[in-house]
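Protein chains: 2
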Amino acid sequence: MSSNVIERTKKKIFPQDSSARELAKARLDQLAVPPWALGDLMDLGIELAGMTANIKPPVARKTVVVMAGDHGITKSGVSKFPAEVTPQMVYNFINGGAGINALAKQAGADVHVVDMGVNADLRKLAEEGKIINKKVGLGTNNFLEGPAMSRAMAVRAVESGIEIGEKLSERYDLFGTGDMGIGNTTPSAAIGSVVTGKSVAEMTGRGTGLDDEQLVKKISIIEQGIEVNKPNKRDGLDILSKVGGFEIGGIAGLILGAAANRKPVLVDGFISTAGALIAYVIEPFVRDYLIFSHRSVEPGHRYMQEHLGCKKPLLDLNLRLGEGTGAALAMNIVEASVAVLTEVATFQEASVAGADK
Amino acid sequence: MSSNVIERTKKKIFPQDSSARELAKARLDQLAVPPWALGDLMDLGIELAGMTANIKPPVARKTVVVMAGDHGITKSGVSKFPAEVTPQMVYNFINGGAGINALAKQAGADVHVVDMGVNADLRKLAEEGKIINKKVGLGTNNFLEGPAMSRAMAVRAVESGIEIGEKLSERYDLFGTGDMGIGNTTPSAAIGSVVTGKSVAEMTGRGTGLDDEQLVKKISIIEQGIEVNKPNKRDGLDILSKVGGFEIGGIAGLILGAAANRKPVLVDGFISTAGALIAYVIEPFVRDYLIFSHRSVEPGHRYMQEHLGCKKPLLDLNLRLGEGTGAALAMNIVEASVAVLTEVATFQEASVAGADK
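As given, the protein sequences belong to chains A and B, one line each in that order. Our numbering numbers the first residue of the first sequence as 1 and each following residue consecutively. Our numbering numbers the first residue of the second sequence as 1 and each following residue consecutively.
Calculated directly from the structure, the hints in this document are not laboratory data. Treat the hints loosely; a few may be bogus.
The list makes no distinction among identical chains, and a pair is therefore deemed to hold if it is satisfied within one copy or across any two copies.
As the list claims (entries may be wrong) - Straight-line distance between alpha carbons at most 16 Å, and here's what the computed EDC-like set of lysine to aspartate or glutamate pairs gives:
#, residue 1, residue 2
1, K25, D173
2, K217, E7
3, K12, D316
4, K12, E163
5, K75, D356
6, K105, E343
7, K56, E343
8, K11, E223
9, K80, D356
10, K56, D173
In isolation and in its complexed conformation, chain A is listed as follows (with noise of 0.2 Å):
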């Protein structure tokens, strides 16, 4: 099955603008600091030039999307905390008391909740405007028996985030993923052994708090659910369908979405990275507007990572909670990098003596 949707985002999705990061670097190579001196700043400053085609980055309109979803793998026990945690935090997000909530207002982001599969009924909520309703099931099945979910399940899924990102493109300027799902870590390592090759065993850790036993348990259920379902790596609307999530489906798309708006997305952790790498292996592409925001506390997240092309992301704060927290965060940072771009003065603007050569 293909998607037209999908398809025809991919063709929308460009390499970064090469003239916009060139201007970029001689803008900061002139700056009335030691060469390069904000480091990490700078680098981010070509990256986000390099995205918005714009040696001034638009990213003041900033809103960080949580996908939310339920997981049929639960039912075998990878979680210490029960599912209905999941639709019970959707009202704690839009009741404003959630980590995200906190962390995004202290960032100046708009939080966006989206219904992608929880297991409950919260039409309501969508009624009154509260969440986005784009259910595309009461969670998925357990991969242990068969796929988590058809692939035009998957589709949809894709889509749906896809169509999230095109409609907050016109209002926002930079992005923030964030999940919401009780039992996601396993799907989402999952899809990290299937794309980067790395051992389930590797690429699995303790999720919410499990301990050795129930991790060893975690590791066994990942292993046959991929044996099981045999996903094909070179196919991220397979690997999605076979062991994966509805959030992480609506991440992939989301990432899609922005991506071919030109918007910088920061990718928050474990969960999100998982989306990354489906929307990766749907089209590669994306890896040009994506800021990876940290480095979570889950040991396989710097494998997702390195497999983007990551080397060090913005923080490492050993953070594990998931909700887009990390995005947040280090959209602080993104306006940081965007204010040395255009705000800090060339030593001749300053009249400031250069080093000797």
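Based on the hints, put chain B in the right spot on chain A.
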């Protein structure tokens, strides 16, 4: 020579408030997130509660204080930049064109520039209220030829910093330290070596961009300066007078003054941390009020931070500018940490089910 101001200030510096720390920890343990899932933000929340003796630590009113001074050691050729850049950069600060202006603005922090000992007549700027005049001298002496300054001048530099810290504590909740002074990685490395016991070679880096030969020369100059002056590692004022700088003394004083008012201080990079080391030798309890904003590219920064008990600073972005830029950047993380402590709901408040025991 003793100083009543310094002795009086030391008596006002207490350890962190343990009951506020415990209350903050108890609250953070109950938040509707997996255990300690916001990692370093949660650790920092406890520190801030302890520093301010308040479980809702005030941090909204923020300032970066940029201490400026010149260095006689530049006559021996330790920097790529000519010494006249120090006053030129003071003008750049007040015109709003420097890195610290851009980053402080992004963080919502005011910038205060202090003439601690710039080798130029800046009285007009002080009269116009654009800078704070605490000039101790027109740059230090070359410490190859004897002490950088008299002990009386060292006392005056630290007292001036204390005065500023005391005065600004009436208007600000959160301090960032900053520096400007061509050549000042040289006295900072000397201070770092004397206080930490690390060799000069381990402590010394390329500053604004020395090549291999120039680096070898810089190391040799610092070794000679320590040999000539024999600073007493247990006497902060002695170290400051022998191999220090006016702005480094100002930073040390600012830290003492802020700590005496229970104000958290974000320590910037290599020079600021040298100032923190002087403050720490004068009064070890200041450590309870320090937050380490970032790890500088200067290799010795790590040893200075470790000596002050910092295993990992908040940021690691290859910065090496100084001016307080890293401190400004980290102010957002401090605010985020307070937002987590004060705005995120507990499991009970949010009606979210907890983990299985």
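Hint by hint, here is what the structure shows:
no.	hint	verdict
1	K25 <-> D173	neither (21 Å within a copy, 37 Å between copies)
2	K217 <-> E7	neither (39 Å within a copy, 61 Å between copies)
3	K12 <-> D316	neither (33 Å within a copy, 35 Å between copies)
4	K12 <-> E163	within (14 Å within a copy, 59 Å between copies)
5	K75 <-> D356	between (67 Å within a copy, 14 Å between copies)
6	K105 <-> E343	between (24 Å within a copy, 10 Å between copies)
7	K56 <-> E343	within (10 Å within a copy, 34 Å between copies)
8	K11 <-> E223	neither (35 Å within a copy, 62 Å between copies)
9	K80 <-> D356	between (61 Å within a copy, 5 Å between copies)
10	K56 <-> D173	within (12 Å within a copy, 32 Å between copies)
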